[in-house]
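Protein chains in written order, with the numbering used here: chain A, 1 to 527; chain B, 1 to 527.
Mixed in with the good hints there might be a few duds.
Given that identical chains are not distinguished, each listed pair holds provided it fits within a single copy or across any two copies.
Cross-link-like lysine to any residue pairs, in silico, SDA-like; alpha carbons within 20 Å at most [to be verified]:
1) Lys143 <-> Pro159
2) Lys143 <-> Ala15
3) Lys38 <-> Gly434
4) Lys38 <-> Ala26
5) Lys38 <-> Pro159
6) Lys143 <-> Ser154
7) Lys157 <-> Asp144
The hints are simulated quantities; they were obtained by calculation from the structure and are not laboratory data.
Number of protein chains: 2
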Amino acid sequence: MIEIAFRPDRASDVAVHRQLAEHLAALIATGRLAGGAKLPASRELAFALGIARNTVTQAYEQLVVQGRLRAHVGQGTFVAQHGSAGDAARGGAPAARAFAWDGLFSRRARGLRMPGGRLSDVAGSFPFDFRAGQVDAGSLPAKDVRWALAQAASAGKLPAIATHRDARGWPPLRREIARWLVVRGIACDPDDVLVVAGAQQAIDLAARVLVDPGDAVVLEQPGYFGAALAFRAAAADLVGIGVDDEGLRTEELARLLAVRAAKLVYVTPATQCPTGVALSERRRGELLELADRHQTPILEDDYDSELRYGGPPLPALKSVDAAGQVIYAGTFSKILFPSIRVGYLVAAGPLRAKLLLARTAADFGTGVVEQAALATLLRTRGLERHLRRMRRIYADRLAAMLAALARAMPEGTRWSEPRSGHLVWVTLPPGADGNRIFESALGRGVAYLRGDLFFTDGRGAESLPLSFASLSAERIAEGVEVLGGIVRASLRPRGMRSGRPLRARAPAIPLSPRKEVHDPRQKGRQQ
Amino acid sequence: MIEIAFRPDRASDVAVHRQLAEHLAALIATGRLAGGAKLPASRELAFALGIARNTVTQAYEQLVVQGRLRAHVGQGTFVAQHGSAGDAARGGAPAARAFAWDGLFSRRARGLRMPGGRLSDVAGSFPFDFRAGQVDAGSLPAKDVRWALAQAASAGKLPAIATHRDARGWPPLRREIARWLVVRGIACDPDDVLVVAGAQQAIDLAARVLVDPGDAVVLEQPGYFGAALAFRAAAADLVGIGVDDEGLRTEELARLLAVRAAKLVYVTPATQCPTGVALSERRRGELLELADRHQTPILEDDYDSELRYGGPPLPALKSVDAAGQVIYAGTFSKILFPSIRVGYLVAAGPLRAKLLLARTAADFGTGVVEQAALATLLRTRGLERHLRRMRRIYADRLAAMLAALARAMPEGTRWSEPRSGHLVWVTLPPGADGNRIFESALGRGVAYLRGDLFFTDGRGAESLPLSFASLSAERIAEGVEVLGGIVRASLRPRGMRSGRPLRARAPAIPLSPRKEVHDPRQKGRQQ
């Protein structure tokens, strides 16, 4: 048996098992415990050192996880050899050559990258967090959620819930979703509803069942990066269509479809992501007419239609879809919280059957405990109450953001004025360096997702999608003030440390070929 | 305003809102409420009829869900017109032609079908439920699960959990999984772990990042139908390799790989699905050597390695994977319950990066509330305690099933004798009509998944994968007795209503080209 002289320092803040792990790591590093050496059984070592067996076990486990020890069931624990899986994984001296994965990836996987930028560019916690996709963490209905989960996991209900296997979803939830969709003007049978893992999976499943490599898929530009990612994962050819203050530019779409067949038109009519613009009634008609004429399916992502703060909501495109040409997707991630991965698809006939098969192949369905809890939240109207509350909170925050932008941003800055959703799309004045402003903002604790994330072709660095969801009205004002200062500073000519900001000399850079998202100086144009 | 003469029958068992809905449905059916007619606002009708407003709302909603009414936000509720989306969806008189989806499906979707048979062939509840994939619903650790969920949704923890967004998974769960894998001999860093939506998604993600249409993927035959489904969804060319009492027949694999490159070898070494055989040590070496020689990735599905009832467990293939060639998948669905859709992948380097991108595109990650609850169950050893308990319970049930088979089955029946998992693979005597027996068994309340579900080419009708997980030892004995009677009866020549069963005259039908799964009369051969 190897001699392991170790005496725990009980006065230390460091837990004894960590002390032991560090001691053993040092013995291994210095070669006093050689590669392949067998360690004493935990019981023996614990006895020899006068410490708890669990302490030894924890130290061993920690070192196994670090790749310094290896555990073989029924044989014992050994010092890792060079070239073991653990070493190879963390770049230690490899005895075996690392497997050459790069040549093996599928065509779909080779083309897979985060569109426009990387989400992880902004990780961590920031005092002024304007990142898209969040909710107000301080307003979560924790009590209702806890109660609904407890119901689902009650001794009486858990057996049925735990053993339920139907990729379509938990029947009570499908019923509640069909009822929930009534306010969107959608009359559907619970059997037409497929519960999915968030709107993202809805998009991905549509891509799986419809898109072959090279097929054209139409996206809004700027548009939702998750959709671009899912369509890239199907090796689609992404075709961007511009967005203006009436939403998707249908005349552009008409020109495209006249010369090229598209497999799918992906659209966010209620709250265009990221501009927040609603697709106008005229454009809705044109879109449906075009889709019908060219027999092109539409994927309607109604992801946050429930978060509407003013103006008459238009019913979903799906509500006037007589032929069943619209695939409808929705989610609870925006109205409850992003990490609840439950959304839904509405589709009928042969499409529904294919979507269900694709879903089964993908993951056999969404966890039923969370589905059952959500069904309870819907049935008891807990979610509706929460939504009403959040509408008030977010309406105030939207107003605060728009007011702060008007106060803080230099002349030439433009922004959308949404009446729904959680984002304001800000476009910097000509001459502003979006990349430099992004870095400076991060340095001052102001975080947002990069604008180019919402384009498929690298444009958008000069745009800032600012979410008003997660900060109080006061913090929003403060953060926009800081951001405005950074933008103003960036507009000063090099060498100038103070003085008036430069006036915009060039015309506004259009993000879409022609018209742009709402310009606050032209009120009344937005319907 | 339309006159709606309705008087609630308070003495009835039928809720008043249902009575009202039926009354309105009758008015619509008889044309007294014509298509397009506007219904009174719920408040008005409630007042007029002297009932609660909520009663009216519920009745309206029910009829909207049925497609008889349509709700337009801000406008009111209307009697549905013929040809509305609701009618079209349920096959009513269509005003618009139904959209022609069939010509639009992707190549992947066109090839998508349930392998071998349909899971839904056996839906519902049966007194003798031997269907694969279930657990003992009576032994669920409901209290621990409830407590762990309550922890996750506590006011203090929910904000961080609800807003967490990292497709890799909840960090504490990845740490616990890395620790959990120590007993499998796997030393991995939490960063090498990707939390996925069950083993099925692990397989699907591997297919997405590696398989192009037409690529060869090697599967065990019989083998796990979920894997076949996921690889079909990638339009792979499925190549079956036989299984015998040492698991995957590596000599067959060697012959295949000598003439054809495979993109992936999918294997279940710990408990071959569905035979329950463990891959022998010799075959493990041969498999790894072959994979190395041909530079072919292995996907190791270790889906129920924890459910081992005897004999020395072999460490995972991944534990000796120096080059990082093995993609390792595991799940909590078998040891906790099937509807918890949480599993994991272990992979490193460029493969992990691609898998993570594919996962992000697929659904942005698994719900974090359930991940956090599972992390708590692991950290507090609640899952370990449950597993120890289930091992004892399942070991008894396996013994009961093997004993019952020996008592009840006619000569010529063969079955595997697994020491792990939840399935016994029974092959009927020559001459038995598997299809007829399946139907008769269902009629007597004995349910199992059809054997041909586990083959990609229609074989297997004469095999019965019997799960011993969900029934007590007594019920197992009873059910197998019933099944044995059906099999015996089916072996009688037509016209004979009693008498001794026919003796097998032909040699046993091998499911694999040569050796077959364990024959109970040849004990000792299984390692």
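Each hint tested on the structure:
1. Lys143 <-> Pro159: between (24 Å within a copy, 12 Å between copies)
2. Lys143 <-> Ala15: neither (35 Å within a copy, 30 Å between copies)
3. Lys38 <-> Gly434: neither (58 Å within a copy, 53 Å between copies)
4. Lys38 <-> Ala26: within (16 Å within a copy, 81 Å between copies)
5. Lys38 <-> Pro159: neither (45 Å within a copy, 45 Å between copies)
6. Lys143 <-> Ser154: both (16 Å within a copy, 8 Å between copies)
7. Lys157 <-> Asp144: both (18 Å within a copy, 15 Å between copies)
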